[in-house]
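Got chain A sorted already, so can you dock chain B onto it with the hints?
This is what each chain is made of:
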Amino acid sequence: MTLIVLVLAVLTALQLIRIFELSSKARQTAEYEVTDRDNNNQGWLMLLFGFGLIASFFWMLNAWLPVTLPKPASAHGTDYDNLMTISMLVIIAMFVLVQPILFYFAWKYRGAKDRKATYYEHNNRLEFIWTIVPAVVLAVLIIYGMTTWSNVMNPKNEQEPLVIEVYAQQFKWTARYAGQDNQLGYANVRLIKDANVIGVDTLDTKGGDDKITTEIHLPVGRPVLFKFRSQDVIHSAYFPHFRAQMNCVPGMTTQFQFTPTVTTAEMRQDAEVQAKVARINKIRTEKGLEAYAYDYVLLCNKICGSAHYNMQMNIVVESEAEYAKWLTEQKTVAETL
Amino acid sequence: MADHAHDHAHDHAHDDHHDHEHHVDNFWTKYVFSIDHKMIAKQFLVTGMFMGIIGVFMSMLFRLQLAWPGESFPILETFLGKWAPDGVMDPNMYLALVTIHGTIMVFFVLTAGLSGTFSNLLIPLQIGARDMASGFLNMISYWFFAASSVVMVVSLFVETGPASGGWTVYPPLSALPQAMPGSGAGMTLWLVSMTLFIAGSLIGSLNYIVTVINLRTKGMSMTRLPLTIWAFLVTAILGVLSFPVLLSAALLLVFDRSMGTSFYLSDIMVAGEMLTNQGGSPILFEHLFWFLGHPEVYIILLPALGITSEVIATNSRKPIFGYRAMIGSILAIAFLSFIVWGHHMFITGMNPFLGSVFTFTTLLIAIPSAVKAFNYITTLWKGNIRFTPAMLFSIGLVSTFVAGGLTGIILGDSALDINVHDTYFVVAHFHIVMGLSAIFGMFAGVYHWFPKMYGRMMNKSMGYLHFWLTFVSAYGVFFPMHFTGLAGLPRRYYSNAEFPIFDELQDINVIITMFAIGGGIAQLIFIFNFFYSMWRGPKAPQNPWNSNTLEWTAPVEHIHGNWPGAIPEVHRWAYDYSKPGYDEDFVPQTTPLKDGEHAH
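If you read the sequences in order, they're chains A and B.
Counting in this note's numbering, the first sequence runs from 1 upward without gaps.
Counting in this note's numbering, the second sequence runs from 1 upward without gaps.
Keep in mind that the hints were calculated from the coordinates and are not lab data.
Careful: at least some of the hints might be erroneous.
Stated by the list, open to error - Listed next, the stretches of chain A that the computed footprint assigns to chain B, with coverage defined by at least 3 CB atoms under 8 Å from CB atoms of chain B:
hint, segment
1, 47–57
2, 76–89
3, 102–112
4, 120–126
5, 149–160
6, 275–284
7, 307–315
The beta-carbon is built from N, C-alpha and C at its ideal position, and this holds for glycine as well.
Isolated chain A (complex conformation) (with noise of 0.2 Å):
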């Protein structure tokens, strides 16, 4: 079957090639000479590529930035989707305006037999200015991002943040809260023992009060330093709807600080979200898949084996009483160990 294809396509090449060998011949040039006819046609898809392909790029403008995510969930988020909606429209503008001269050139000095190009082969004047106006928009973009990153990484705490471990291993998510005293105990991959999944040291006593947990719950508008631990190898923690990320490296512990702003209850209210999930469903629904209510989600997005695809953990930021109300339910390393 296979093989008659290919058969079948390659006779129709060879057919193809001999229509147009033999086409150039009754034009009595050989089939490689680019002729103005060549020129022309070509010249012409060019511009109708270029109006292609700045139409087709506002269409999936139209179509799918619904799909992307919604507001940010966290402080800093805000912020980033600034700093990202500026860059955009400073790339997205340079793209309209520059794709379209170029294919607009290529249409336009489509040549010709009875045409000489014009001799010229510098001008230090416009090299000057395409020089210095990048470097003067990307040093307004560096110097926009370089603040923004600052921020992001080193935050100014009025207030102690909740400090949470988040401890990865192939293919699941924990985490550990540190308790009253808001310190987690020292713990290492080389303690884990029976029960003691994720090496807590029993002899710290900063760490009797932590509490492991299979979920996230964060107070809306506290601080959280999150930690990362990993087990086995190289995970990433990706928040995408609190717009932040962190590499879990085996061996030391990194670390990533946010503050939620936005519980679930509000995002689910909230219209933009409503309408995706409206969306989501209707697909779920035709799948014959159980119907979806927005949540906020922790995914692995470094490459860490056969299972990376499915490496998550449920988070839910709710108002400080709902929080303390879940914090108090979960048990402590001193009551389990």
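For chain B alone, coordinates are given in the frame of chain A:
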């Protein structure tokens, strides 16, 4: 034209007449263990194309899985056997396919296949040299590459599957066979293959550098060199400076894997087993890897840009605009490429201050890149454009270089990288700016220099068809990925079905896969055209594109030593197209300046 060149060359009677004519070749010395740069170039090209077919085919297989996760495709079982029971791809095989696809395309096709082919073919011919500085080392360089290709292909057939930790092979995943099956024998063979590859690449690069510096013909000063040669020279320097670092990274990984050292490993429990390794850091590997990895991007891209400069100038019938600025931007990009590697590691836990430094250096690269893009566009301005298939691909390259380069401004910004790192936004960015641009440059090179390689012409109409199908499907595949990336979809996911938030993206994935399959099949047109023209194409004239550069003064039939008689002498730069005062719209480099004529 050529006669003129030769007459002139004889006047100056170079004294380096080699007795190449007396050399007798048999099959083995001509086609297999050849020391002739033109034959070695063809060997690199055909091997690269063979690897390219494997690499592209793999991408079509994993695109099937991404568009229709969990559905049964008998074709998958045909090709993957036990890795696709009942036609459903195994997650480990998915990871293996993306890993080997990346490795093959980055190293085997776009490094060896592109730079190996055209550096070999064009350096001696365009600078006016009889051959490479060392023909023997050149042969060795190819055979290292051939051996590494064989090992890489063999690794596809091992029991536990090929390497599957991503083409960046970060340890501990790549170091521990317990972590995934692909990190067993498959990873060992991957390391063996890459070691051979690096050795071959280093030998080749040294040869290119020495040849360009020492063997230029009389009159071929550095500022008369075609931009292709500048690009190949700088590429070779990048390779010599960065590949050894990858070699050391790979060797340390071999030690960690087989000899119990702990360069990259510390405090690890995997598959229920506590390892004794302590004190190492996987971040060290990332630094070493990306110290090569980022220059590698330009090792891939610069030759394509060099080829494009040549093809665009020749077919616009105009000098390349801003020749010196083009050289300057090549040098600036090359220099900067060594101090930006950290932008791959913004969120690895590296000191945030370093993030700022790398953001600064990374975004600087946009400046020389913008200069290049604008100079290409200005070269077209008021040209007399002749649309050969090579010219189409070169214009395509400018388009993808701009489209992909712009998103680099997002990813190079450490703050913005936080949320798009390792998502499909990255996949879109680097495939467009580096993958598509480089492959378009490679196609442009093949269409343009095919007559020089095989003495025959490729079919133009098939070339047109090939270009438009490729160009449309290339954008069709990679442009939508920006949106899935901005939706937070991580790369290297076997399936998106486990997260309801990604359900909306499935339609986009189907569109991407359609274009990928269409674009993949369109490459058969090229392969057919290539082999048909090699044997049955019309005989090539000596200078089919009315080009200025020296390679077109050499006879169509290949001879050892490239030119019968003396090597031509050069009197001008390579870009005197449509120069006022000349009837023809090209003035070969061998034509002396007229009295009172200004050099460029």
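Quick rundown of the hints versus the structure:
Remark: the segment 47–57 of chain A is confirmed as covered by chain B, as 4 of its residues place a Cβ nearer than 8 Å to a Cβ of that chain, reaching the required three. Residues of the segment 76–89 of chain A lying with their CB closer than 8 Å to a CB of chain B number 5, which satisfies the three-residue condition for coverage. Here's how the segment 102–112 of chain A fares: 8 of its residues keep a CB closer than 8 Å to some CB of chain B, so the rule of at least three is met and the hint holds. With 5 residues having a beta carbon nearer than 8 Å to a beta carbon of chain B, the segment 120–126 of chain A meets the requirement of three or more and the stated coverage holds.
Taking a C-beta to C-beta cut-off of 8 Å, the segment 149–160 of chain A contributes 5 residues in contact with chain B, enough for the three needed, and the coverage statement holds. For a cut-off of 8 Å, the count of residues in the segment 275–284 of chain A with a CB near a CB of chain B stands at 5, and the three-residue condition holds. With 5 residues carrying a beta carbon less than 8 Å from a beta carbon of chain B, the segment 307–315 of chain A meets the three-residue requirement, and the given coverage holds.
Checked against the numbered hints given earlier, this structure breaks none of them.
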